[in-house]
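Engineer: Residue numbers (the UniProt record's numbering): 1 to 609.
These are computed hints drawn from the structure, not numbers from a lab.
Predicted model, so just to flag it, every value in this text is computed and none were measured.
Glycine is no exception: its CB is placed at the ideal position from the N, C-alpha and C atoms.
Incorrect hints may appear among the rest.
What the hints assert, rightly or not - Straight-line Cα separation of at most 25 Å, SDA-like style, residue types lysine to any residue; simulated pairs:
#	residue 1	residue 2
1	519	395
2	519	220
3	226	200
4	395	423
5	580	591
6	533	510
7	453	395
8	395	534
9	226	453
10	218	235
11	218	441
12	453	498
13	519	157
14	226	276
15	395	421
16	523	261
17	453	362
18	523	71
19	218	498
20	580	543
21	519	498
Stated by the list, open to error - Pairwise CB distance ranges, derived in the manner of DEER restraints:
#	residue 1	residue 2	range
22	423	11	45 to 53 Å
23	80	296	29 to 37 Å
24	20	558	49 to 57 Å
25	236	11	45 to 53 Å
26	154	80	46 to 54 Å
27	423	38	27 to 35 Å
28	453	433	35 to 43 Å
29	409	380	22 to 30 Å
30	207	377	34 to 42 Å
31	529	38	57 to 65 Å
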Amino acid sequence: MSGICGWMGYGAQDRELVGRMAAPLARFDDSAVHQADSSRSAAAVAGAGDVHRQEGLLIALWGHPVLRDPALAEQASIRGTAAVLAAQRHLGPEKLCALLGGAFALCILDEHAGEAVLAIDRMGVHPLTWQLAGEALLFASSADALIRHPLARGDIDLQGIYNYVYFHMVPAPGTAYKDQQRLLPGHYLHYRQGRVETRPYWRMTFQEDGKRSFEELKADFLAQLKNGVREASTGSKVGAFLSGGTDSSTIAGMLCDVGGVPAETYSIGFAAQGYDEMEYARIASRHFGTHHHEYYVTPDDVVTAIPQVAAVCDQPFGNASAVPAFYCARMARNDGVTRMLGGDGGDELFGGNERYAKQHVFARYEQVPSLFRKALLEPAIFNFPGGDRVTLLRKARSYIEQASVAMPARLETYNLLGRYGARQVFTDDFLAGTDIDQPLAGLARTYGASEAKSLINRMLALDLKITLADNDLPKVMKACELAGVEAAFPFLNDAMVTFSAGLTPQQKLNGTQLRWFFKEALKGFLPPQIISKQKHGFGLPFGVWLQEHKALQDLASDSLTDLKARGIVRGDFIEQLTGKHLREHAGYHGTMVWVLMMLEQWFRQRPGA
């Protein structure tokens, strides 16, 4: 992974401390660690980073940042980006951070002023965890690095664990540890004399009344797409994930165009009915003429990878697709590839998730006059004699019940934990330390922070944070870190993000047609089978395999038994889950087995937690 770590306001007698903090950042790729310290501050960069030091000032920058101002970018090519930022500190934290584009994590430690600034990129590609310990500010790209500081505590935050089981990841700014937080995408932290405040330096701003013609938009889109792939593939031996979906196929095709040679593409398959998408990847590969590589993940592979994935994730992480993503990245690494391009972000920028169309249909109910709904329609449907035996009426009741739930809570009506019930899953002692309403309250805050006028753009703004920054990006980043390769995301190029914000709502969701502009603009470039296919990705058939693979059964059973002993999850729920529930629907209930198993595996990798 590599990254940055350090502190401000702590006089360490141990000169090796910052190096020990940085060790977890380089544990999977043997990155060099560059460190600098003074009497009250220290920072380290593991991997390819940029460090600038002058009397009383230390700046560490990690990732692939770009200076948005051309004149400053020219200076940075000579002096380094960190040195240019040092000369621009008079702008103040917000304007200074706004100078940066690309994917990055930044720290500025000014001992003379007693101030520090931390920041991460607009999309949240590179995380940054921080903690205020007394008057000292501690920070690191990974909680595994931060907790090595003697002032950091390893106490588990029960709310973070509850949120993990609810979302299958821990949404930022929360973490699994008490008193630790993560910066939100596009945010900076300003520390002054022992106090901190966090603020946004950038927000997604939608221009919903676009007047540009389709042809003009298409030309701009294709140019931005090609430029984004070119920038992401510079200076490395590059490969691309290829699931056979629209996003990964687009990136693979553009990589062929940009490089002028067949792109190295990598796909994962599963020998399980309904899960294997390899044929679509082959269609895309044949269409673009890529040099294609395939690997079929087996249940034994999953058993081997589970503890490794738990080890590389500094927060509990329950997205099972991390396993096939890891094997895909490892296959590329064995071929000498050092950077993998992913299509992540396409759904959240251009409107590609099925729930967008579904919520559009539910929103139509809100347009029916309230008096008609409450006085006539709903009484007739819900009070109709024998209505529960009439298929059409049952569907109408379900539709009204869901449509009557306010956004964004309506997005969670099928939430797995919600279906079981928190009090049926968790012990009373555990729940006493949590707020079961906090996950939905956090969703509502994020949803309400967007100034978008349309439903589709409000959902996109929410998903840029919850689905992309909190889930999909960590999945790919951690899988690639474990495999020893970098990850880059051309769709998240600043110019492409800005372009997507200028599309009208109808160009993203045309009625119930998903990503209308995206698909229209790529007709003739993508194979028609790819444009029309249903979204799938690298979904893992864990629940299916759990029914028949002994080693997988043993690992899951052993993990859940140990988790039960921690007093978090009720023993009777675990017995019901692994017995009756799995027999009834292995695919559905297998997801919760995976989430709880990965929680226990995460604990095992951190015995001090």
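Engineer: Now look at each hint and say whether the structure bears it out.
Structural biologist: Going through the hints against the structure:
1. Annotation: proposed proximity of residue 519 to residue 395 is violated, straight-line Cα distance about 31 Å (limit 25 Å).
2. Proposed proximity of residue 519 and residue 220 is supported: the alpha carbons are some 15 Å apart, at most 25 Å.
3. Restraint check for residue 226 and residue 200: not satisfied, since their Cα atoms lie roughly 29 Å apart, outside the 25 Å limit.
4. About 29 Å separates the Cα atoms of residue 395 and residue 423, which puts this hinted pair outside 25 Å; it is violated.
5. Using a Cα cut-off of 25 Å, the hinted pair residue 580 and residue 591 holds, with the two alpha carbons roughly 15 Å apart.
6. At roughly 17 Å between alpha-carbon atoms, residue 533 and residue 510 fall within 25 Å of each other, so this suggested pair holds.
7. Using a Cα cut-off of 25 Å, the hinted pair residue 453 and residue 395 is violated, with the two alpha carbons roughly 30 Å apart.
8. About 24 Å separates the Cα atoms of residue 395 and residue 534, which keeps this hinted pair within 25 Å; it holds.
9. Taking the CA atoms of residue 226 and residue 453, the gap is about 30 Å. The hint is violated against a cut of 25 Å.
10. Pair hint residue 218 plus residue 235 does not hold up; C-alpha atoms about 28 Å apart against a cutoff of 25 Å.
11. This hinted pair does not check out: residue 218 and residue 441 have alpha carbons roughly 39 Å apart, beyond 25 Å.
12. The straight-line distance between the Cα atoms of residue 453 and residue 498 is roughly 17 Å, inside the 25 Å bound, and the hint therefore holds.
13. Distance check on the hinted pair: residue 519 and residue 157 sit about 43 Å apart at the alpha-carbon level, beyond 25 Å; violated.
14. About 29 Å separates the Cα atoms of residue 226 and residue 276, which puts this hinted pair outside 25 Å; it is violated.
15. Under the criterion of a C-alpha separation no larger than 25 Å, the hint pairing residue 395 with residue 421 is consistent with the structure, at around 23 Å.
16. For the hint pairing residue 523 with residue 261, the CA-to-CA distance comes to about 22 Å; that is within 25 Å, so the pair holds.
17. Restraint check for residue 453 and residue 362: the C-alpha separation of about 17 Å stays at or below 25 Å, so the hint holds.
18. A C-alpha spacing of about 38 Å is found between residue 523 and residue 71, which places the hinted pair above 25 Å, so the restraint is violated.
19. Using a Cα cut-off of 25 Å, the hinted pair residue 218 and residue 498 holds, with the two alpha carbons roughly 14 Å apart.
20. A hinted pair counts as satisfied when its Cα atoms are at most 25 Å apart, and residue 580 with residue 543 qualifies at roughly 13 Å.
21. Between residue 519 and residue 498 the CA atoms are separated by roughly 18 Å; this keeps the pair inside 25 Å, and the hint holds.
22. About 48 Å separates the C-beta atoms of residue 423 and residue 11, a value consistent with the hinted range of 45 to 53 Å.
23. Hint check: residue 80 to residue 296, Cβ distance near 45 Å, so the stated range 29 to 37 Å is violated.
24. At roughly 32 Å, the beta-carbon separation of residue 20 and residue 558 lies outside the given 49 to 57 Å, and the hint is violated.
25. Roughly 40 Å separates the CB atoms of residue 236 and residue 11, a value that falls outside the hinted 45 to 53 Å.
26. In this structure the hint that residue 154 and residue 80 lie 46 to 54 Å apart at CB is violated, the actual value being about 36 Å.
27. The hinted window of 27 to 35 Å between residue 423 and residue 38 is violated, with their beta carbons roughly 52 Å apart.
28. The hinted range of 35 to 43 Å is satisfied by residue 453 and residue 433, whose Cβ atoms lie roughly 40 Å apart.
29. Hint check: residue 409 to residue 380, Cβ distance near 26 Å, so the stated range 22 to 30 Å holds.
30. A hinted range of 34 to 42 Å for the beta carbons of residue 207 and residue 377 is consistent with their spacing of about 37 Å.
31. For residue 529 and residue 38, the Cβ-Cβ distance of about 60 Å falls inside the hinted range of 57 to 65 Å, so the restraint holds.
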